[in-house]
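Visitor: Sequence:
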Amino acid sequence: MEPFSTTPGAGFRIGRRELLLGTAAAGFALAVRPVAASTVTTSAEGLDAGWVSVPAADGAVRAYRARPARGSGLPVVLVVQEIFGLHAYIQDVCRRLARLGYLAIAPSLFDRQGDVTVLPDIPSILPLVATVPDAQVMADLDATAAWAAASGGGDVSRLGITGFCWGGRITWLYAAHNPKLKAGVAWYGRLVGQASDLQPLYPIDVIPRLKAPVLGLYAGQDDGIPMESVERMQAALKAAGSPSRIEVFPGLPHGFHADYRPTYREAAAAAGWTQMQAWFRANGVV
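Per the numbering used here, residue 61 is the first one in the sequence shown, and the count goes up by one each step.
Keep in mind the hints are simulated off the structure, nothing from the lab. Note that CB positions come from ideal geometry on N, CA and C, so glycine has one too. Hints should not be assumed to be uniformly reliable.
To be verified - Restricting the straight-line Cα-Cα distance to at most 30 Å, the calculated cross-link-like pairs of lysine-lysine (DSBU-like) are:
| no. | residue 1 | residue 2 |
| --- | --- | --- |
| 1 | Lys271 | Lys240 |
| 2 | Lys298 | Lys240 |
| 3 | Lys271 | Lys298 |
What the hints assert, rightly or not - Pairwise CB distance ranges (calculated):
| no. | residue 1 | residue 2 | range |
| --- | --- | --- | --- |
| 4 | Ser132 | Leu90 | 25 to 31 Å |
| 5 | Gly110 | Gly133 | 17 to 23 Å |
| 6 | Pro180 | Ala255 | 28 to 34 Å |
| 7 | Gly119 | Leu90 | 36 to 42 Å |
| 8 | Gly87 | Ser113 | 32 to 38 Å |
| 9 | Pro260 | Ser132 | 35 to 41 Å |
| 10 | Leu90 | Arg122 | 16 to 22 Å |
| 11 | Asp175 | Arg292 | 20 to 26 Å |
| 12 | Pro239 | Ala117 | 15 to 21 Å |
| 13 | Ser113 | Glu307 | 20 to 26 Å |
| 14 | Glu105 | Gly133 | 35 to 41 Å |
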């Protein structure tokens, strides 16, 4: 097998035969199967990786964390899931970050409402996700950061966050929520939308409240996030004099980093990953 590389699209690849046999798909949500042959699996060798229990106000939250096997005082990155839950791809992102020297931890943010990984399709998932309050998500991310500091060997004075799709929106919101956050990187999260009691704000609403700079990585041909909304967000950030910014990848579909899906674009995923690392370094998440 190939040695691990820190750029997405490299590392240990799952073979097509394994995919056809179903072994590789075992850790993925039902709604995303069949899993693409481009799927990347990062070895846990040399890492301390696995499931932990994070104390929260109303019980405990499951979380997947990965970190170098040795060392303490590690910079911390919160990883926020897509609508498909905390499945194998998000876990692998944590291991990729751990190989860069981070304590990366992804809390399972839908558990109180149900297990989306066993649902068969997006129409089944969306009603459940709509019942997840933003306030609950913010509190669970706070609890996860506190666990990383108290139990995981993390240094939350160097705290970052990154999220994908549903987690992209949450990344912007968390940057407006936590004054201790150093930086965020949002991968194609929705920027505008219809407010509800449980999800009262969207990223465009919280620009004046941002406490940490956010880098947005967006797709030029995203079926779910129109360029009009991206341009509106860019203009609002500029008008506010915000250090946050959005990078648009022209001609790409939503989910271009998601290597387990047909929307994956290896070169753009690697470029975005490099930009994420640079953003974290420039803003003290090192």
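Visitor: All hints are to be evaluated individually against the structure, with a verdict given for each.
Guide: Hints versus structure:
Distance restraint check for Lys271 and Lys240: the Cα-Cα separation of roughly 8 Å lies within the 30 Å cut-off, and the hinted pair is therefore satisfied. The suggested pairing of Lys298 with Lys240 holds, with an alpha-carbon distance near 23 Å, which does not exceed 30 Å. Pair hint Lys271 plus Lys298 holds up; C-alpha atoms about 16 Å apart against a cutoff of 30 Å. One distance hint, 25 to 31 Å for the beta-carbon pair Ser132 and Leu90, is violated here, with the actual separation near 38 Å.
Remark: the range hint 17 to 23 Å for Gly110 to Gly133 is upheld by a beta-carbon distance near 21 Å. Roughly 29 Å separates the CB atoms of Pro180 and Ala255, a value that falls within the hinted 28 to 34 Å. Between Gly119 and Leu90, the C-beta spacing of about 25 Å breaks the proposed range 36 to 42 Å. Remark: the range hint 32 to 38 Å for Gly87 to Ser113 is contradicted by a beta-carbon distance near 19 Å.
As the Cβ distance of Pro260 to Ser132 is approximately 38 Å, the hint placing it in 35 to 41 Å holds. Against the hinted window of 16 to 22 Å, the Cβ-Cβ separation of Leu90 and Arg122 comes to about 18 Å, which satisfies the hint. One distance hint, 20 to 26 Å for the beta-carbon pair Asp175 and Arg292, is violated here, with the actual separation near 35 Å. For Pro239 and Ala117, the hinted distance range of 15 to 21 Å is satisfied, since their beta carbons lie about 19 Å from each other.
Roughly 36 Å separates the CB atoms of Ser113 and Glu307, a value that falls outside the hinted 20 to 26 Å. Our hint of 35 to 41 Å for Glu105 and Gly133 is violated, since their Cβ atoms are close to 23 Å apart.
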